[in-house]
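Enquirer: Please put together the full structure from these sequences, using the hints given.
Line by line, the protein sequences are chains U and Z. The opening position of the first sequence corresponds to residue -18 in our numbering, with each subsequent residue numbered one higher. The opening position of the second sequence corresponds to residue 628 in our numbering, with each subsequent residue numbered one higher.
Source of the hints: derived by calculation from the structure; they are not laboratory data. A portion of the hints provided could be inaccurate.
Reference listing, derived: stretches of chain Z covered by chain U, where coverage requires no fewer than 3 residues with Cβ under 8 Å from a Cβ of chain U [unchecked claim]:
#, stretch
1, 671 to 685
2, 702 to 709
3, 715 to 726
A few chain U positions that, by computed beta-carbon distances, are all more than 10 Å from chain Z [claimed, not checked]:
#, residue
4, Ser60
5, Tyr161
6, Tyr214
7, Asn260
8, Tyr297
9, Arg382
10, Leu384
11, Pro442
Where is the CB? At the ideal position from N, CA and C, for every residue including glycine.
Single-letter residue listing:
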Amino acid sequence: MSIDNLNNEKYEQGFNTDVEADSLPPGLDEDTIRQISAIKEEPQWLLDFRLKAYKKWLAMDEPDWSELDYTPIDYQALSYYSAPKTRTKDDIPPEILETFEKLGVPLHERDALLGIEKDPNVIPTVAVDVVFDSVSIATTFQTELKKHGIIFCSISEAVQHHPDLVKENLGKVIPYSDNYFATLNSAVFTDGTFCYIPKGVRCPMELNTYFRINARNTGQFERTLIIADEGSYVSYLEGCTAPAYDENTLHAACVELILHDDAEIKYSTVQNWYPGDENGVGGVYNFVTKRAKCEGKNSKVSWTQVETGSAVTWKYPSCILKGEGSVGEFFSVAVTKGKQQADTGTKMIHLGKNTKSTVISKGISFGDSTNTYRGAVKVNPGAHNARNYTKCDSLMLQDSRALTIPYVTSENNSAMIEHEASAGKISDEQLYYLQSRGMDEDDAMNLIVNGFCKDVFQKLPLEFAAEANKLLSVTLEGAVG
Amino acid sequence: MLKLKNWAIENVIHGIDVDFDAGRTYVVMGANGVGKSTLLHSIMGKPGLEVSGSAEFLDVEISDMEVNERADMGMFIGFQAPTSIPGLSNFQFIKQVKELSVTDIKDNLTQFKDLSSKMKLPEDWDKRNLNTDASGGEKKKNELIQMLMMDTKLAMLDEPDSGLDVDGIKTLTEQLNNWRTKDNTLIVVTHYDKLIEGLNPDAIFVLKKDHIVGGDKSLADKIFAEGFDSV
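Expert: Dropping the structure here:
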């Protein structure tokens, strides 16, 4: 067994791991769902939730309102469950450890995965949950987190050990009937991260989930649920990669965040799923529903995303601002090149009084790609003094396309909504200027793009900002010329 | 330092021969539109200019080299209208260009702040974005800072005085004169008699369509008195 490099120069994470797996055969019917539920030894209520969603899904049509153009997905050709054979916590296959080493998951996390004891006086800064295809294979620093009453584990574990918390909150923000992909996810989700921060607790480290698609023709349907109780704070990061396969891989995740009074969640994503080759062959279809509900007063949620991957991205991390004075933020950098298509943005739903939202979106497109910002701001009648500020900037190069599609509705006269948008190109003059100071074309491009993204990068947690920077420079390499 | 042989730029300049030597300062003059800026940019290697002939910099033929390779050899061009790069701060830029290691940052920042205060630039100049929300004069001062902080052997400045106030021109003249050594070369395009006086150049070149008229400082005096057609 070894790690095969699939010789994809431009996508460093494009290798696959040869590890024995238990997979369900391709196909989706009620029995598939019963099998998934049985493998996970789930309680009846969860199976019922899944089956209800499945029935709903059968009656739904795949949405076609986006700017995306892709080969129809054959849902019967996918496998809905794949897991490495040996998967007890103490017995992680070395190939998988090697995989994460290769992917550069930070050292202390690898050590923790390997079970290397660390100086107990050194408090780690990041805890990580690792999801490999359909299962979570390891979660680090659970003991340390437990001391603070924080639950950080896979959602499958949470179903077993904290069933009440899961039952009460699952599907509360994204109902099983929400949309085609979320409904499919509700029926077949396999794993993901669960996180609960108790009252008044400030999570002492960054919580990180790393999603890795490995198996061929397998859909990844993870489900993440984060609950921030009164006055708590957590910064959560997720990273994603996948091998470079010729076939398209489907990823349809759901992320639900629930915030009680005065709680704050910072949710950052670096999404680098395989984008396909330059001719648009292969790549991940990323259809994701992410939503936060600011249930409590003065709660605050920030979505920060750096999106460089996937052949197709369909994703609108949203905020339901219900609690009085709650705040929603969305900071996004989306880079597309080659034949990539991204249709991404946010929805800010103002329900409560004095709710505030800020949206800063930076779209960068190269080659023959399409980069769409689609954003909704909705102010309901009860949302007195709601405020929204939206800024969408696009940077285009070559034959790429950038679109900005805002949907703004206000049903309250005291609301203030601002929308700014700009579109520009990297000029030859800028490149020449930087080159005349000794930078090569790639570095020059990188500096310009980094400058363009500065106000979003500043929002990323420090450790992540470096990663985002690196990711961006790898993505931009050879983008011109 | 720099030798141009039969150097031509399509639709601009038809074959000129000229040498710029180490340890010398040259002022380039010429009527509007004759191609002074274009000449400097052609030497720097700006994409899109159709050039022919030979250009040797430090005894190396550079006409096929990339812009950044010429810069790496010590060539510097001071832009007449430097372009704006939003989100990139002035000092961050110096840091990137010089690929400063952590240990070098402090000294470089001190030098940067020292220069910017000498040039009466705002206190937070290091943090301001490169050529964004800056006045014409401020941009010119920033070009000068870059030139002084980089390992420049050949400086080609395109109207470094335009937009500068009286004090600015005085500082510019001082800084350039300080910078000059027997090993480097300064080429300045200017129409400004005070700057020419202050720099006391070794030669004046007047650019014409198909040739260059060279002379000492008296050539400039003649132009100021009688115009470009007189030479």
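Enquirer: List in ascending order the numbers of the hints, as given earlier, that are violated by the structure.
Expert: Of the numbered hints given earlier, the structure breaks none, since each of them holds.
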